[in-house]
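Single-letter residue listing:
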Amino acid sequence: MSLRPIHKQLGTSLVAGIAVLSLAACTSNASDSDSDSESSGGTSQAEEGSNDEAGDTVVIGFSAPAADHGWMGSITESTRQAAEAYDDIDLRVAEGTNEVSLQIAQVETFINDGVDAIVLLPFDGAAMTPVALKAMEAGIPVVNVDREFDDPNAARVTVLGDNYGMGVSAGAYICEQAGGNEDAVVAEIAGIDSLPLTQDRSQGFEDALKECGLDVDNRVAADFTVEGGEKAASNLLQAAPQIDYLWNHDDDQGVGVLAAIESAGRDEFIMIGGAGSANAMRAIQEDNSVLKATVIYPSTQGADGVKLARLLVQGKSMSDLVEIEVPRTVQLYAPVVTSENVDQFIDTAFES
Amino acid sequence: MTTHESLLRMSGIVKEFPGVKALGGVDLDVRAGEVHCLLGQNGAGKSTLIKILSASYQPDAGVIHWDGVETSLPTPISAIKVGISTIYQELDLVPGLTVAENVFLGHEQSVAGFSQRSQSNQMVRDLMTRLGHSEISPTRLVGSLSPAGQQIVSMARALSHDTRLLILDEPSAVLDHEEVDNLFRVIRGLTAEGVAVVYISHRLEEIRQIGDRITVLKDGITVATGLEVADTSTATLIQLMTGRSIEYVFPPRPEVAPERGPVVLEAKGLSLAGVFETMDLTVHAGEIVGLTGLVGAGRSEILETVYGARRATTGTVTVDGTRIRKGSVPAAVRAGIGLAPEERKSQGLLLDQAVYRNVTISSLGRFARGGFLDSAAERRRAEELTTSLDVRPTGVTRAVRTLSGGNQQKVVLARWLLRDCRVLLLDEPTRGVDVGARSEIYQLIRSLADAGVAVVVVSSEVEEVLGLSDRVVVVREGAVVHEAPATDLDEARVLDLVMEGRVA
Amino acid sequence: MSKDTHVDVPHNTVGATGESGRVEAEGARAGESSGGAMAVLRTSAGRNLGLVVALVVICVVGTVTAGERFADVDNVLTILKLASVIGVVSIGMTFVITGGGIDLSVGAIVALSSVWCTTLATQTMAEDTHWIVMVLAALAVGAGCGLVNGVLIAYGNIVSFIATLAMLASARGLAELMSDRKTQIVRIESFKDFFGAEVLGIPVLVIIFAVVAAAGWVLLNRTTFGRRTLAVGGNPEAARLAGINVKQHTVMLYVLVGVCCGIAAIMLISRTTTGSSTHGNLYELDAIAAVVIGGTLLSGGRGTIVGTVFGVLIFTTLGNVFTLNNQDTSTQAVAKGLIIVVAVLLQQRLASRSNTA
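First to last, the protein sequences are chains A, B and C. Position one of the first sequence corresponds to residue 12 (my numbering), numbered consecutively onward. Position one of the second sequence corresponds to residue 36 (my numbering), numbered consecutively onward. Position one of the third sequence corresponds to residue 1380 (my numbering), numbered consecutively onward.
Calculated from the structure, these hints are not laboratory results. Predicted model, so just to flag it, every value in this text is computed and none were measured.
DSS-like cross-link-like pairs, simulated, lysine-lysine; straight-line CA separation at most 25 Å: (1) A:Lys303 to C:Lys1571; (2) B:Lys380 to C:Lys1626; (3) B:Lys56 to B:Lys86.
If we strip away everything but chain A, and leave its shape as in the complex, we get (with noise of 0.2 Å):
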């Protein structure tokens, strides 16, 4: 079903994006930040010449998942804002659905109403592709948001996430903190199993341990709500007594994983996020629990699909490259934030 390959080589992630947008080249130990933001760029101050300079008015249609999480929430929220930000955007945003045939009928709507560029976060990606297909066909180009289609021509440009690279990132920022020690035990809280993306971030992680000589010890998976999380994280304790590191894919049932770790008055470890919301950041920033880093999945994928779309139907290019047509896929980098660099990150950051 999915494209991504499964065994990057370590160290790829780094470079696997095509481009790097708004969070960009920020590693965990150097974080060089970048020049400014480019999406605070309004049309009206925009240099002449620059990609932001107000073009002809492109109508975007917008469709994603219910906005049944934080992560969720936060995508459509900051695709809203990226579009308010131009005055040449019209962006027509479909209710958030589970429901795989209400998405098609909306991306159907969509080509009837011969919108000009179509953001499409599916909610399964495979069944989204016919009338992904159909779009294109239709002359209407795709930006294919977080969740691939199954062919490659169903979408003209893609903006992805790095699962794989979040593990990769995690299990990176562990091999440093062990210094060497290949006795550390380290446990996983994954998010629901079975899909895709969990066993993509388990890869990565499972991949960069290996490179320092570590592995998983105790595994479980929850299901990205609070009580899933508290559930499994209460089960995990018992089942290791004693734990070095452990990463817990998502912050939004990282909230349970916490709320079972204090119940169970353990600190002996040091727990890594995933995805990054607010709730994580601000207990890095405190400094108080045993939560000490998250990875960022990004969650303002949606805003960068609806910036690429503009760019599209004007015909402009991506400022910073040399190739005069916007790129196929752009994958965005998961960043390992701390509370040295939590500053940066966490006015990004969604609210859970």
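Given chain A, work out where chains B and C should sit, using these hints.
Chains B and C in isolation, oriented as in the chain A frame:
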């Protein structure tokens, strides 16, 4: 007798069920083109006979000749194949399907699995025309038709099978007068085509109107067959139907006429829309009032309305002068009324629960303190009561399901004994109760009355009503037609009243 | 339990006092009155033999494979703590199912209660007064939802499956609207301290579960309410004609399960330190599974609290043993399915044997 050939001849039909001989030798002879009436009291064996004809049951002995040839009917389909169709009282139609779909249910007109709608619709239209009801559209939903219309659909279904013998089980029970006339027209049309009809009804006047010949069953035996309607008097028929065979022992009535006791139960102007008309009912302490009439005459409904299980349209019920809130069973129970319902198993008992729980279910408050039950006391009390009623087998923690019908009835009675009821409403108290236990139950009812309880007994069995009650109320089609002391009535008179609403 | 009294009652009042005393064990097969707790345990164990066997097998597997990590006091308490929330819901579910109904909305009611009692407004009020405000809010929301369910079913004549399905959708939706799908974190430390505490080494949540289970057992087996529940579930028409106010009783059953959901919501908030519209996900299925493998008849008329407690413990222990052995959730799901079938089959065999005996 005429020279007609018999279409169907049954002789010496015997059917036994465990413990009961339902048919003990029945003869029936039906000719093509006639309306043959089957008469008999409840339990005379009519239903069993019909079920044998439609091959739902297999006879244990006896011979069936069909069209002059000895025939066996092993399955219901074989009966339909030779041309026997039955229309039961409870119509077996699917309300959510159309008329045409119902007519061809089970033998759909189809080609390679695809139903031939237009073809079957046309066939139904032809059948409806033949039945003189062309106004019933094949595409109409059966659920939207009146009972009369549904009956026509049932007949159309029967005729769709090339029926030569049509059995109608009390077809007029659900119809009003005009509809009955329509039905008769349809029947005459069919007999004119040579179809034979076996017609079952309690209403003697209908039999006079439509019938050609009569067979009378009593206690599973043919007491008369092939009587010409024109030559037989109503008195003869009643005589044939009631000639006594089983004697029950009824307890003696008290010497003091009980009407003189104080009034306990009084229903005034009670009615239930569409079921029974305004009626008054007064029962004195120590009195047993028998309420009789045909099934569907409104007897059970009257009891249930008095009890509050149905909400009376008009009227009031008082017990010992205190008016009871309308439509509330708990209020009636608190006022001292008890009901032993007609369907003991589905309405009266918690079959899977222990005897003692069935006994105490209406008196839980007595065994509770602050809502907490004292089960030991419950069992003790239930034990006393069931012992005094001689419920067998003994043991109050046994599930009620394991008891026989008579003992189950005693459990229901024990429930109300426990409450010291003022009024006891008994609906068919001896249905499904064997002969021996019947006398015990009669005895029990009488002793309750002697203790001052006002008792109302509903029964279809005339001799039971006459033998047990002090006073008899006859209802017919939702109205009281007669009321008299039991000693002033005899069985023939009651049957007359029940069937014709007047004394012949 | 006494209801309206506006009719003069010369003879007996439902709910009048009687003598109290000890009574027999659940289901009352033994004819004689029993001698307290031991007898209760004995008869319960007999009736629930299939469940006991299943639980023992899981425990043996746990001890063999995970050794001290399983047999550890801490781990046992963890299992009990995890069982406590769904356990309380399952106790309520036992009553509804015994009474001939079903409640598909339990998870959604837990979510709504948890959200309602952790809103900024409720928490502010609790801060100004006492954390008990949050508890009362959760209980009131649960009872309110149950009341709506009960009235729709009893007086609106809507099938319980449909009425509670509607509640499932709308309560969860309302929870999402109220919380804006955000996780609401509890700031009231006194609340967290109270429910997070331990008494004599036993977590408060486990104590709550024990109390609810015991109260449920007494209510079902020792009170008029319980007896009426069995009657209403076993044969509603017979119950009605015996003088029980079936509609009113049905409403009370759904309010009862609603209150249980409110209690569960409080417990869940304490466990996760949050209220969320995602709380209680699929509780309806977990609760029904626990109740049914416990031996309560899905068609009503027979119910067992002890069985339900076993059912909950079996599922929770199973999950624990799998995690201790680092097994994935898919294997666990297969085992869960097998356990349901095996426990029910075993239960049927043993039940039919004891019936014929």
